[in-house]
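**Q** Please model the complete structure; the sequences and the hints are all you need to start from.
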Amino acid sequence: MTIATGARQLRAWCALVFMAAASACAAQSLIGKRLEILQDSITAELMGLSEVVQRDAWTPSEEMVPSLGLSDDISWVRLKLDSRGENGLLIEIQNAGIDELTGYMMCDGKVVATYNRGVLQDGSHDGAFGAYPTFPIPLVECEELHAVFRLKSSKPLLLPMRIAGPREVLNDAHKRDILFAAYFGVILVMLLYNLFLFFSVGDRSYLEYSLFIFMIGGTQLVLNGYAPYFNVESWPWLNERITHVFGVFSGLTTIVFAQNFLRMSRYVPWLHKLLNGYFVIYLLALVLTILGQLIWAYNVINFCAAAIFFFIPGAIITMRKGYSPAKYFLLAFSIFIVAVVVFVMKDAGVIPYNAWTFFALPLGSAIEMVLLSLALASRINQLKKESAHAREEQLRISQINERMVREQNTKLEERVRDRTADLEEVNANMRTTLEELQSAQQQLVQSEKLASIGQLTAGIAHELNNPINFVSSSAQSLRRDFEDLNAIIDLIKAIDPSAINLNEQVSSVKDKLSQLDIEFTQKEIEELLNGIEDGTVRTSEIVKGLRIFSRMDGDNFIQAQLNELIESTLIVLRSNFKDAAVLQLNLGEEMPPVMCQPGRLNQVFMNIIINAIQAMDELGRDVEENILSIETERIDSDGEAWAQVRIKDVGPGMSEAVKSQIFDPFFTTKPVGEGTGLGLSIVMGILRDHNAEVEVESEEGLGTEFIIRFPL
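Quick note: my numbering has the sequence shown finishing at residue 873, numbered continuously throughout.
I should point out that these hints are in silico values taken from the structure, not numbers from a laboratory.
Mixed in with the good hints, there may be bad ones.
Said to hold, decoys possible - Subject to a maximum C-alpha distance of 20 Å in a straight line, what follows is the list of computed PhoX-like cross-link-like pairs (lysine-lysine):
1) Lys482 x Lys572
2) Lys671 x Lys684
3) Lys739 x Lys809
4) Lys809 x Lys820
5) Lys654 x Lys673
6) Lys316 x Lys271
7) Lys673 x Lys684
8) Lys820 x Lys831
9) Lys271 x Lys194
10) Lys194 x Lys241
11) Lys488 x Lys546
12) Lys654 x Lys671
Stated by the list, open to error - Cβ pair distances, simulated, as ranges:
13) Arg245 x Gly270: 14 to 20 Å
14) Glu224 x Phe357: 46 to 52 Å
15) Leu452 x Trp431: 44 to 50 Å
This one's a predicted model, so the numbers in the text were calculated from it and none came from an experiment.
C-beta atoms are modelled at their ideal positions from N, C-alpha and C, and glycine is treated no differently.
**A** Here's what the structure looks like:
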């Protein structure tokens, strides 16, 4: 819808309403001051018609349009009629929103006709005089003729009443019908047009506006008595609540439409949150309506209706922030608010009740709808401008980004070249440093090996020195004994059997034998020979163990016995046990051979055993208290087999923190200068090469046990 088209529609609608309202104003002759009112919440509801009529509590009305307020109680209205001049005319109550309305025509105190909302109990009057309830004045002769009405409503109860002829009432009803038919036509056209725009454009605002149009227009039609034309009376539950239902949903759709159209969440966030609160209160009114608490529901709806006053500052703020469609919205709701204020002041009796005040609300809502259509049209133009501006801005930003990317690429290339040169220099330094570290590590590993070899050499020298010294000293003693024996042998060789002094020669030999104590010498020679033999055997064992320990097979894996490797290691380390620890050796029988590098495994056992001996020796206990236990056994479990070695000491043990680091390179608990921290790191490397598992169990004060498992 264009702005020019909307303006033409607005002028046509205003002209139509002006003519209808002017005609209605000319025809109005209200009789409110002729009425008498009885409002007694107890007696009016419990007493019968005759008792009500005879009461003296009737109050004359002082207003042209009496206002009975908002109450759930029964109200009675009495009108004294001219039995001669007003016979055959109609009493019209211009309020279609009365929930319960019963009329009684009484002639000289007797009921001559009873009407339910203007229809006789026998159905003879079909309500063909329009949307307002009308009550024919019967053609009877009597001294006193009264019309009594029993009323009850869940909405403010106004009684604009007049007495007119059937033709006049019918003509006015036709004018109203034409007016509201035009009103309904405008609503229908705008509803269908905006639905078409919604399905064409896909903008949710058109759907929200369509719902808003439907609810606002439906509310006006219901308030003016046109609900029966839509057969609502066939649903009594809905018919009783239809005004409240339309009131709730018109409020809800108005809030949703205003929030999104004015972009309140973006421009006026505080008002957006406030309207969300009103939205929730409207839902409370809907619940009260469903539960039948219509008076409460009406009050809550009226309270929430005040939310439209916040639309004015919201539209002003949004308009000041450059959103041009807000000016149409501001004008539309300003007119509608004025119409609402006029309608409320009319109901409250502040301003006169006439056609202008009565039609203020439908007129205001019609103008509002047309202006909001203009606002939506302006919004389309605004969106086009914003879209074009956004595209221009996006193009400008893309050009800026492209220029920045080119500049950044140039700078980046320069930085990459500089950084590459720096990295090459750093890499060269790192390679040099790495080579130095590797060299230092190799030197440390070599130092560790040399230290172990030095320690082994000292121990082996000590082990070999004992039997060699014993053999040497025994050889000297044996040499002296052989010299004595040689002296005897020489004397015996010198005996001449044919000599005269043979007896003297034999006597000298005997004297010599007695001097040398030949029996002791013979016994000593035997002992010395046995000792020399023991020394040679001991030396042979040491040499054999050293040969096994120092076995060099390169990187080749061969079959070897773990028991033999452990025994050779213990032979080499025999001197380390002296005055240090007691060995408990329990080697399993029939241990299967394992594929290994024997020389490297000997280094594993040696490092672990030396660490255990040194740890126990540091405690300063007696030798008998330092026990080193070594066990081997074969383990079979779940179809798998291992050769297991357990090396356990009764040393100080380790904490969890220390135990977690013992295999780290260069970690040691020994004082500075007494260890490199590479022993157990080398052990772990060798065991990994053999696919072996190592487990360490240790507790402070209770010792440490290494459990090594070799797969078979």
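**Q** None of the hints should be skipped; say for each whether it holds.
**A** Consistency of the hints with the structure:
Only pairs whose Cα atoms come within 20 Å are accepted, and Lys482 paired with Lys572 is rejected, the gap being roughly 41 Å. A hinted pair counts as satisfied when its Cα atoms are at most 20 Å apart, and Lys671 with Lys684 qualifies at roughly 19 Å. Under the criterion of a C-alpha separation no larger than 20 Å, the hint pairing Lys739 with Lys809 is consistent with the structure, at around 18 Å. A distance of roughly 15 Å separates the Cα atoms of Lys809 and Lys820; the hinted pair therefore holds under the 20 Å criterion.
For the suggested pair Lys654 and Lys673, the alpha carbons sit about 14 Å apart, so the restraint of at most 20 Å is met. Using a Cα cut-off of 20 Å, the hinted pair Lys316 and Lys271 is violated, with the two alpha carbons roughly 31 Å apart. About 18 Å separates the Cα atoms of Lys673 and Lys684, which keeps this hinted pair within 20 Å; it holds. Between Lys820 and Lys831 the alpha-carbon distance is near 14 Å, which keeps this suggested pair within the 20 Å criterion.
Restraint check for Lys271 and Lys194: the C-alpha separation of about 24 Å exceeds 20 Å, so the hint is violated. In summary, the hint linking Lys194 to Lys241 is supported, as the alpha carbons are separated by about 11 Å, within the 20 Å threshold. Taken as a hint, the Lys488 and Lys546 pair is honoured in the structure, with Cα atoms around 17 Å apart against an allowance of 20 Å. In summary, the hint linking Lys654 to Lys671 is supported, as the alpha carbons are separated by about 14 Å, within the 20 Å threshold.
The hinted window of 14 to 20 Å between Arg245 and Gly270 holds, with their beta carbons roughly 18 Å apart. Separation of Glu224 from Phe357 is about 48 Å and conforms to the stated range, judged on CB atoms against 46 to 52 Å. Between Leu452 and Trp431 the beta carbons are some 33 Å apart, a value that contradicts the proposed interval 44 to 50 Å.
Hints 1, 6, 9 and 15 from the list above are not met by this structure, while the remaining hints are.
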